[in-house]
Amino acid sequence: MYIKKTRGVGSLVKEVKRYRNAYIFISPFYILFMIFGAFPILYSFYLSFHQWRGFGPRDFVGLRNYMNLLEDELFWVSLKNTAYMWLGHIFIMLLLALALAIVLNSVALRMKGFYRMTFYLPTCIAIVAVALVFGVIYDTEYGVLNYVLNKIGIFRIPWIASSKWSKNSIIILNIWRVVGWYMIILLAGLQTINTQLYEAAEIDGANALQRTWHITIPALKPILFFCFIIETIGSFRIFTEPYVLTHGGPANSSISMTLYLYNTAFQYFKFGYASAISFGLFGFVVMASWVQLRIWGRKSLG
Amino acid sequence: MFKRKKQRKAAWVFIVLFAISIMSIGTGWASSTNKFVFWTWGDWTFYKKAFDLFVKDYPQYEGIEFENIQSPDSDEQIKKLIMAYATGTGIPDCIECPSGYIPELADAGVLLDLTKRIQPYLKDIPTPVLDSVSRHGKVWAVPWRPNTGMLFYRRDIFDMAGIDPGAIETWDDYIAAGKKVSRTLGGKERFMTNVGGTELQYYKVEMFLGLQDGLSIFDPNTGDTLIDKDPRAIEALSLLDKFIKEGIAVQMDDWSGSWWAALKEGRVASIVTANWMTEIMKKQAPETKGKWGIMLLPAFKKGGSRYAFQSGSANVAGTSETEMPDVVWEYMRHSFLDIETTVELNKTWWATPAYLPAQKDPFFHQTSEFYGGQYVRELEFEIQENAKMPHYTANNVEASSYIMAELMKAIEGQKTVEQAIRDAATTIRRKIGESL
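Taken in order, these protein sequences are the chains called A and B.
Count the first sequence with my numbering and you get residues 1 to 302, in order.
Count the second sequence with my numbering and you get residues 1 to 436, in order.
To be clear, the hints were calculated from the coordinates, so they are not data collected in a lab.
Mixed in with the good hints, there may be bad ones.
Claimed, not checked - List of simulated lysine to aspartate or glutamate pairs, DMTMM-like, C-alpha gap at most 25 Å:
hint, chain 1, residue 1, chain 2, residue 2
1, B, Lys242, B, Asp43
2, B, Lys431, A, Asp204
3, A, Lys80, A, Asp59
4, B, Lys415, B, Asp156
5, A, Lys164, B, Glu246
6, B, Lys415, A, Glu73
7, A, Lys80, B, Glu199
8, B, Lys79, A, Asp59
9, A, Lys164, B, Glu412
10, A, Lys164, B, Glu199
11, B, Lys289, B, Asp43
12, B, Lys116, B, Glu418
13, B, Lys123, B, Asp113
14, B, Lys431, A, Asp59
15, B, Lys388, B, Asp230
All of these numbers come straight from a predicted model, not from anything done at the bench.
Can you build the whole structure from these sequences, using the hints too?
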């Protein structure tokens with residue numbers, strides 16, 4: 001059924017009346033979105049101006065939660081940690097994903113399906129399970145990683161039991177977990193590039209590096225930008241890895257913004273303040289996306 | 001025209017089906033009067049057995065079915081309870097409730113007031129334990145196992161190192177013995193105890209504070225934090241850092257796989273813990289039978305207190321929304337304020353009672369085979385009698401997280417322990433303020 005473009009509220013109501021059966025069939029999405037999407041966001045915004053412990057009455061506090069947020073040292077620590085974990089993995093991960101995609105796209109490589117599946121597999125495993133397994137691998141005393149390092153003469157590293165290492169351990173886990181996913185996206189992008197461009201470049205004497213730099217990367221720019229944005233949003237929402245692996249420690253060295261939000265709401269029962277944190281987080285994600293948009297240019301959106 | 005009618009009919013069918021499916025989500029979890037819904041994070045079979053014994057003695061309740069809803073830990077259960085009260089659905093009849101949450105839940109009107117019903121039993125419950133389930137002069141839960149702080153040590157390791165546990169009276173003695181363990185049994189491979197790796201455990205610090213005249217984070221009279229004002233609190237809060245700096249502790253998280261491995265292998269010779277560990281150790285490390293001994297926690301000064309509670313006691317409480325308050329009370333009374341049931345339950349589970357008449361039963365005055373023929377329960381009674389109950393407020397959980405994060409910075413050498421305590425106190429005052 002085709003619904004033609006309408007202008008004005010009156011004509012919109014007319015259109016809805018005319019095609020009401022169609023609207024009824026698509027209404028479950030909107031109803032569920034209103035209940036589980038829009039309402040919690042609006043209610044959370046309302047709560048951010050209140051003090052509420054989950055039980056009993058809500059006290060209106062105006063902008064106090066937002067003012068406290070600006071002075072909250074732990075909020076800034078969590079923001080710094082989140083930014084560190086984001087910057088620490090996004091470039092390495094995208095570079096690795098691109099390199100893997102290029103290798104897997106080469107004509108000479110055999111058993112492509114096997115490699116594709118192997119690199120993609122970590123994406124299919126539940127994050128909690130991954131974090132638990134990495135916890136065992138990273139264990140200072142009994143961990144596999146330190147056992148191997150010990151064998152080659154390197155001293156035990158407190159992977160998750162030291163403020164210096166905890167964030168880096170999460171970064172390593174994250175790269176391992178998501179690189180396969182972005183590799184597949186980039187591989188799909190690579191397969192859309194016209195091979196004649198490479199042939200022409202080869203005839204003109206361009207080597208492999210030049211072909212990658214002058215053909216592959218410009219052609220993949222919109223896809224790389226998409227990957228960058230998606231991973232940035234995901235990185236700012238990082239929760240399970242620090243929650244399961246380090247509990248945000250030691251000494252809050254790996255606490256992320258969402259983990260701090262969770263602790264504030266569900267451990268300290270400060271739901272109003274937690275809502276303010278969530279809007280702070282939202283602000284930073286919007287800002288980071290805007291900055292990226294400015295850097296990469298609007299044309300990158302394709 | 002005919003097609004349009006058909007479409008309308010299909011749309012109506014669709015609306016009805018969608019409405020039914022939405023409504024069924026809402027009603028799926030609600031408790032019914034034939035179900036006794038119990039929430040726990042511990043061993044639910046213990047409470048189920050107590051319910052079976054209750055129904056056996058009260059046949060009029062035979063039609064009621066016991067339904068357990070399990071949580072992984074007490075914090076998770078409290079989160080679920082908040083959600084249940086916020087939405088008004090799925091509220092249980094009865095819950096396992098730690099003493100630390102009673103002020104908050106009582107103030108919020110979540111708990112069933114037991115003050116009148118429990119009157120005849122007040123004299124049969126140790127006063128500090130009763131205090132931990134009371135708020136503003138009212139009683140909100142039935143305590144069934146006071147949590148008493150203890151030191152578990154490996155008899156075999158102590159023997160090998162030539163340490164007499166009876167000679168350890170103070171923490172300084174303990175540290176000296178710890179150095180002997182490392183010296184005689186192999187440098188960095190054997191340690192006297194463990195301190196958290198990724199996070200420090202507040203329950204240990206809580207017991208250290210408890211040894212200092214039952215101190216807690218907040219002053220019970222003023223509500224201000226006393227951690228940076230009272231020298232005894234500073235001494236208690238510095239102890240974990242001292243363990244590390246003196247080289248007697250390995251950094252390893254409690255309950256992790258490596259922690260259990262170290263306990264079983266004897267790499268960690270002792271742990272600061274509480275009486276609930278007696279049951280857990282038997283189940284998790286049965287191969288260590290006969291190797292563990294239990295003693296009082298060392299004191300801070302010679303002749304000082306060696307008695308401390310940890311998280312008050314294990315309690316059961318009714319909820320204010322239960323449709324069967326009488327059944328809830330009778331269940332709690334029959335299970336935990338009755339000699340016969342208490343003894344019966346303890347035949348399978350280690351749940352040393354708070355109920356004083358039951359404590360006199362010969363059953364609780366036997367030696368424990370697992371703990372090398374020791375009278376462990378008598379040690380528990382001694383602590384119950386002499387320990388002072390810390391002051392619990394609704395903000396202890398949050399305040400303790402700030403303290404532990406700062407203490408970890410001291411352990412990592414980022415600041416001195418004195419500075420860490422001062423910084424934790426500043427954060428508590430700024431973010432929480434006074435807490436009574």
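Given pair status - glutamate 199 of chain B, lysine 164 of chain A, alpha carbons within 25 Å: holds (14 Å)
Pair hint outcome, lysine 415 of chain B versus glutamate 73 of chain A [Cα-Cα no greater than 25 Å]: holds (17 Å)
Pair hint lysine 289 of chain B and aspartate 43 of chain B, alpha-carbon separation not exceeding 25 Å: holds (21 Å)
Given pair status - aspartate 59 of chain A, lysine 79 of chain B, alpha carbons within 25 Å: At roughly 21 Å apart (the allowed maximum being 25 Å), aspartate 59 of chain A and lysine 79 of chain B satisfy the hint.
Given hint glutamate 246 of chain B paired with lysine 164 of chain A - CA-CA distance at most 25 Å: holds (22 Å)
Straight-line alpha-carbon gap lysine 242 of chain B to aspartate 43 of chain B, limit 25 Å: Judged against 25 Å, a Cα distance of about 35 Å means the pair is violated.
Holds or violated: lysine 388 of chain B to aspartate 230 of chain B, with C-alpha atoms at most 25 Å apart: holds (17 Å)
Given hint aspartate 156 of chain B paired with lysine 415 of chain B - CA-CA distance at most 25 Å: With Cα atoms ~37 Å apart, lysine 415 of chain B and aspartate 156 of chain B exceed 25 Å; violated.
Hint consistency between lysine 431 of chain B and aspartate 204 of chain A [alpha-carbon to alpha-carbon, up to 25 Å]: violated (67 Å)
Agreement of lysine 80 of chain A and glutamate 199 of chain B with the hint, judged by alpha carbon distance not exceeding 25 Å: holds (20 Å)
Satisfaction of hint between glutamate 412 of chain B and lysine 164 of chain A, Cα-Cα up to 25 Å: holds (10 Å)
Pair hint outcome, lysine 123 of chain B versus aspartate 113 of chain B [Cα-Cα no greater than 25 Å]: Holds - the C-alpha atoms of aspartate 113 of chain B and lysine 123 of chain B are around 18 Å apart, at most 25 Å.
Hints 1, 2, 3, 4, 12 from the list above are not met by this structure, while the remaining hints are.
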